[in-house]
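**Q** Could you put together the complete structure from these sequences and hints?
There are 6 protein chains.
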Amino acid sequence: MRLLLINPNISTSVSELIRAEAERSAAPGTTVQVLTAPFGVAYIETRFEALIGAYATAQLAAEHHEAADAVVVAAFGDPGLAGLREALPIPVTGLTEAALASACLLGQRFSIIAISQRIRAWYRETVQHIGLESRLASIRGLDEPLADIGHVQSNQGERLVALAERCVAEDGADVIVLAGAPLAGLARSLRGRLPVPVVDGVSSAVRHAESLVALQPGSARLGSFAPPPIKPNQGLSPALVRLLARGPIT
Amino acid sequence: MRLLLINPNISTSVSELIRAEAERSAAPGTTVQVLTAPFGVAYIETRFEALIGAYATAQLAAEHHEAADAVVVAAFGDPGLAGLREALPIPVTGLTEAALASACLLGQRFSIIAISQRIRAWYRETVQHIGLESRLASIRGLDEPLADIGHVQSNQGERLVALAERCVAEDGADVIVLAGAPLAGLARSLRGRLPVPVVDGVSSAVRHAESLVALQPGSARLGSFAPPPIKPNQGLSPALVRLLARGPIT
Amino acid sequence: MRLLLINPNISTSVSELIRAEAERSAAPGTTVQVLTAPFGVAYIETRFEALIGAYATAQLAAEHHEAADAVVVAAFGDPGLAGLREALPIPVTGLTEAALASACLLGQRFSIIAISQRIRAWYRETVQHIGLESRLASIRGLDEPLADIGHVQSNQGERLVALAERCVAEDGADVIVLAGAPLAGLARSLRGRLPVPVVDGVSSAVRHAESLVALQPGSARLGSFAPPPIKPNQGLSPALVRLLARGPIT
Amino acid sequence: MRLLLINPNISTSVSELIRAEAERSAAPGTTVQVLTAPFGVAYIETRFEALIGAYATAQLAAEHHEAADAVVVAAFGDPGLAGLREALPIPVTGLTEAALASACLLGQRFSIIAISQRIRAWYRETVQHIGLESRLASIRGLDEPLADIGHVQSNQGERLVALAERCVAEDGADVIVLAGAPLAGLARSLRGRLPVPVVDGVSSAVRHAESLVALQPGSARLGSFAPPPIKPNQGLSPALVRLLARGPIT
Amino acid sequence: MRLLLINPNISTSVSELIRAEAERSAAPGTTVQVLTAPFGVAYIETRFEALIGAYATAQLAAEHHEAADAVVVAAFGDPGLAGLREALPIPVTGLTEAALASACLLGQRFSIIAISQRIRAWYRETVQHIGLESRLASIRGLDEPLADIGHVQSNQGERLVALAERCVAEDGADVIVLAGAPLAGLARSLRGRLPVPVVDGVSSAVRHAESLVALQPGSARLGSFAPPPIKPNQGLSPALVRLLARGPIT
Amino acid sequence: MRLLLINPNISTSVSELIRAEAERSAAPGTTVQVLTAPFGVAYIETRFEALIGAYATAQLAAEHHEAADAVVVAAFGDPGLAGLREALPIPVTGLTEAALASACLLGQRFSIIAISQRIRAWYRETVQHIGLESRLASIRGLDEPLADIGHVQSNQGERLVALAERCVAEDGADVIVLAGAPLAGLARSLRGRLPVPVVDGVSSAVRHAESLVALQPGSARLGSFAPPPIKPNQGLSPALVRLLARGPIT
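Chains as they are written, first to last, in the numbering used here: chain F, 1 to 250; chain Z, 1 to 250; chain Y, 1 to 250; chain C, 1 to 250; chain D, 1 to 250; chain S, 1 to 250.
Each statement offered as a hint is correct.
Note that identical chains are pooled: a pair holds if it fits in a single copy or bridges any two copies.
Below 25 Å or equal to it, Euclidean Cα-Cα: the simulated SDA-like pairs (lysine to any residue) are:
1) Lys-231 <-> Pro-89
2) Lys-231 <-> Pro-248
3) Lys-231 <-> Gly-172
Source of the hints: derived by calculation from the structure; they are not laboratory data.
**A** Here you go:
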């Protein structure tokens, strides 16, 4: 099985964290390809940055999905995920969606630990879009500027643990979600240090993408995830044009 | 006052409908500029098309907002609206958001009439994001393929009226929202034919944009609509780079 | 355009604040009339006081609406608003509804700053009735008894600013709503002092009332905002009797 | 125990239905007094009529509560109930609130059968204010004009049964609420004819009012149901003035 | 009238508290029988313990309901309540459901005071199942291990009062619910000490059970509370088998 | 990896369907054990039957979990799932929870197809408990009595397909969930016949259980899924007593 993970940001150091955790998590026989957005910002904290990342992800997915069995949008907030689910003929998931699916199988209420204060509003809206706000205990974020997005884990590890403990003690969390691709793999290294189960986006997305391929649920010919109706377009990359030309499945 | 309306789609015929209704609606002294997306699709019905339209809108807004007092995202579903509200130093609104604001001042529950069946899921999610699902009576859509997006009104006028009447009689609507830029101006020509107040996105957006400018509520230096934090970026248009370089307001 | 603003309370000093801010906010050509309830209490903090204010407002509206193009219920909590929207043949809005409509066009989540602790429950229920509780970040109130309802702003200005700052820092507010007619105009004088956009009820209501008149959305002949069905009544003022005699629009 | 039931409408024929069912339902030793609004309309279907009925109820309650152990607002929609709960020193309930409390003890989802189409919007908002919309299966109403509000039951009995059967079969109702004082006592005469438990507002309110008196839960000295703070008032009836002079309990 | 109260736990000391409060609360002519679970745990704090208590309650109810007019599940969290409401031919209620019904007749928002921290998650889910989370102000619990479940009241009385005061001052509670059969009767002895009305589960359940019997709402022949369809079973107690053999009512 | 699937019902024919689909779905190296409840009913349609099935499941899980890496509650409605998640030291999931997790990765809104009308209320409450009611498009059920619970698929296959098509066309479903262990494997045989992706509970639960084991998220030492506190118990099976003796993890 071939999984394509797309980092919607330009940080190749984060892409390496993603790749490492994806490879550790993948089942035997699964191969992992990680692509980095050719345009955009270093990491997404805001709705505007997500909008840019979504388009970059769409471009890469259009170009490269044919060599994959499933696609993972490898940033929290899942920029572009719902759109790609319509357009691509293969399963797609994203880090937030996948992490929340895991969290909901482990407890009733989860908290999200994030890499900045600013990013919390964007995560909160992502959880609402997914429809799981009744299971969200809290979102807590680091409150210092990040010196280096590729090394958040080593610099901020103890602070992240302390945040998680407060989520359990004060907010009623049954599960902790470590959010953001820059934290990929941290759950693994914190194993046993937190008082509740801890979930990582990349490993969850890899496992769930593998499951979606294995379950073979079939494609959407109707409903709101069928391919977009064919209509005039202009100014798009050849790959996007090809994708839009799929049209209704018959 | 100068309003910039951006059509996130490539249809110049729809841009003309938008311009005409915007000019009819604007207060004396307001000038209206309408731009058409240089890339994208003919009209947005799906999440994937909205993702493309959002990026096109962001590009145009980055390039042209400096000559405007407020920006209107001139498609239903408001692609890119929340992101632009963070990034731009001036007020921004969108057709759905503005139409719903009007509808909520006219009755308790509203129905949305749309130009296709497919588009209903995307509108429904837009209403949920706005947080007004408890006031949504129904979304009904035309069920035939559109022959010509620039002439929906003349071709389908009677069908749209019949749909509106069912929204009132069967779904409990107090207000009708005619959704989609291709219907811009239809509310005006249906005046008196519907049994409840009817709201149009373009005229609502023009009026509310004018109000936001007049009220001078101030800018966001903090909170989730402050400008995105400055961080590395690459591969973006010069205008987007300039916009991202605004950084925190001090 | 002639706007009728009704202060549902007996405080003429508050009516003067309302008038001053309404006149500052109105478009050229709009004239403003402010009426003060002939019976009731000094200011509404509770459901019981709102019930009284609603009836006083209905009486005044019945008597005076014929000389107006739109009516504003000029107290937070909007006492009687929904009823008047059924009964009157012209647009009606209220300070809370209008302020929330503005706030929703400026950010995702808003906080309300109120003039007392007690009033918070009544505001909370008003926001729930409007259906926007998912966008409410918090309601914070002054915690000292008001010495003089007509001079809250000068006495308590700094405390109100401090409350607003906590709403942004601790509650996640993107927008601040300064609630209550006794604060009319304060947003204007605080311009630039708060870190997020700030909304005032009176100016929002004036602008939105003007928009409703300009948009000419039409009247409700059916639905739950059509005029109440004609039926026997007794003991009401002549103006209320006339209003109830409107009956279904044909 | 003395119960005071206030009909917020002017229909003495409905007051007689209320009295008859209240007397049939009351425990031994409970006496029932029924008052009819001296001003208002024949029956409440709309928000505007409810606003009038609320004020009439407040006037009567202020004047007569001292001779009672508990008060019942004897119309569906419970006009004025929350205000009176603040102002009166004794328990208060209303027909909708009490019927819903009974319904929730008998099944998970209830449907409401109402005397007209128009009244459904007002009932729906009442259920939302009570917070039980997730348990509301449907609201169905008679669709013909009422010839005589005091004789709905005999004229429309079969139609009401047919509506109830549809609520069970099509809407998933576990319990039927027969709504509106004009239907007082109908549940009793339909006993055994409906396939699910059926609840009546008057008998529920009488039983629950008796329970509130018996349970002696204590009064609110703090919180949002403490008596309204003392402040200037004018133009009110002597009884309302006395009630507003209660002030905080110490 | 004969009420059967079933303690789903094995603590006979708690059964005595239940019996004492039930007898104090019952109307003249009501007799009270209290049964104690023959298997299970000392008191329910978790979902797993509730699962055990539900089955023990079902066993006792199946065996003993024929001598009763109504059944009360006498533990907070109401283990087994909804199932028994389907299976038994007589009214059933539970301590949480009944206490919340009382609380909702006394104020808009209630807080729950519980005997431990752990139990809060289970109570929260119970309130959500009942559909009243919008009226829940908070759940606060004692934070020390219980020395003796039969003497919580005397050991912890002052702490419980302090918790209640914080619910009013900090959480906005209008009503306090003292939760858990081990607190049965405490509301009565705290009368006058709390600043808002206080509700007890046992007395509420006794009163509401009496009301359900008196109102004679009828049985469910259809809907989701009709008796379970007849089908093969095995390994159940003779009483459960008899209960399952009731089948559809015709 | 060893998975233990527990059929909470007494139908060994259904256990065989479960086993067959579990074995088809399991990854290489996973072994599957299926146990059948020694007491209970043929299949669960009601809350009362679920209560019995939950206890039977708890008994079997207590006795047999030590030989497994994860447990699956193999009935829709997931009887006992949340309790077992507290009590067992290994991951646990259930058919509904797992199917909904899959469905949410495939589309925005899902419909559930069930084996009877009656079962719909129980499923609806299960979805609400999971917190996903905003993503539930509809629940539709077969409306004829089941002749043979082990052969629903062959007898009713066409009817189930027709129901699914109506869910897509009329209810807006993006995904179909075929609910109930008696339908285990049907999704596989319908592959390609439905216009949207289709999800099966057994295969989803097997995949997600495998993922939970592989992800090694850690155990709950705190929070509401930590093992129940140790306290007196009596009358329980030795295996349940052993399970309750686990106590807090240190």
